[in-house]
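> Heads up, the sequence shown is in the working numbering, so the first residue is 197 and it goes up one at a time.
Incorrect hints may appear among the rest.
To be verified - Straight line, CA to CA, 25 Å or less: simulated SDA-like cross-link-like pairs of lysine to any residue:
1) 370 <-> 334
2) 234 <-> 352
3) 234 <-> 222
4) 256 <-> 244
Said to hold, decoys possible - Estimated spans, in silico, between C-beta atoms of each pair:
5) 325 <-> 197: 52 to 62 Å
6) 277 <-> 200: 31 to 41 Å
7) 323 <-> 205: 21 to 31 Å
8) 223 <-> 367: 22 to 32 Å
9) 259 <-> 360: 26 to 36 Å
10) 205 <-> 279: 12 to 22 Å
To be clear, the hints were calculated from the coordinates, so they are not data collected in a lab. Every residue, glycine too, gets a C-beta built ideally from N, C-alpha and C.
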Amino acid sequence: MEELRQTKEATHQQHLWHDDLMDTYGLEMTKLAYTYVKNWSTAQDIVQDVFVKAYHNYSKREKLHSVRGWLIRLTINQSKDYLKSSWFRRVTGLDSKHSTETTQSAEDTLTTNSSNAQLSQAVLALKQDYREVIFLYYYEELTVREMSEVLKVKEATLHTRLRRAKMELHHQLKGEDFVWGTN
197 MEELRQTKEA
207 THQQHLWHDD
217 LMDTYGLEMT
227 KLAYTYVKNW
237 STAQDIVQDV
247 FVKAYHNYSK
257 REKLHSVRGW
267 LIRLTINQSK
277 DYLKSSWFRR
287 VTGLDSKHST
297 ETTQSAEDTL
307 TTNSSNAQLS
317 QAVLALKQDY
327 REVIFLYYYE
337 ELTVREMSEV
347 LKVKEATLHT
357 RLRRAKMELH
367 HQLKGEDFVW
377 GTN
């Protein structure tokens, strides 16, 4: 009888932890997935899968250095897996016109004014490695050291990617008055 009560309590704690994760990081992870797949509903599906994995790994939560970093890593990997899937390649090849329309409407909801829209479009046009560091550095406000831990890439490489990404964005946004912070 006591074991049953303890099991119910443990399950209840797991549900509370999972709900807190989704409330705290759900939108953030969806935006991150969106930078990869460029489709809002697909990004939501990916994040749902990420949180299912998180739920199943509840027992390992104590070993995590950073829950947020772990969720970022899971989201990036899940997004990359989706982009490598044969289903994605077949559907994208067959239905690229519909995909463009869906991406445009998702971009409209992601941005709130014309300057943000222009910047968002420029970031989404970057190649994946550059888009990744710009998003993590400016939108998620991770330090280069934190990005290094999450992405498993040397800090010097990330500094180079960040510099090149900023140069590419500067080239794309010629004449615009954006201020870039550096670290």
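> Does each hint hold? Answer for all of them.
Here's how the hints hold up against the structure:
1. 370 <-> 334: Judged against 25 Å, a Cα distance of about 19 Å means the pair holds.
2. 234 <-> 352: 28 Å, violated
3. 234 <-> 222: 17 Å, holds
4. 256 <-> 244: 19 Å, holds
5. 325 <-> 197: 52 to 62 Å: 56 Å, holds
6. 277 <-> 200: 31 to 41 Å: The hint (31 to 41 Å, Cβ to Cβ) holds, given that residue 277 and residue 200 are roughly 38 Å apart.
7. 323 <-> 205: 21 to 31 Å: Violated: the Cβ-Cβ distance is about 49 Å, outside 21 to 31 Å.
8. 223 <-> 367: 22 to 32 Å: 30 Å, holds
9. 259 <-> 360: 26 to 36 Å: Since the Cβ atoms of residue 259 and residue 360 sit about 35 Å apart, the hinted range of 26 to 36 Å holds.
10. 205 <-> 279: 12 to 22 Å: 41 Å, violated
Taken one by one, the earlier hints fail for this structure at numbers 2, 7, 10, listed in ascending order.
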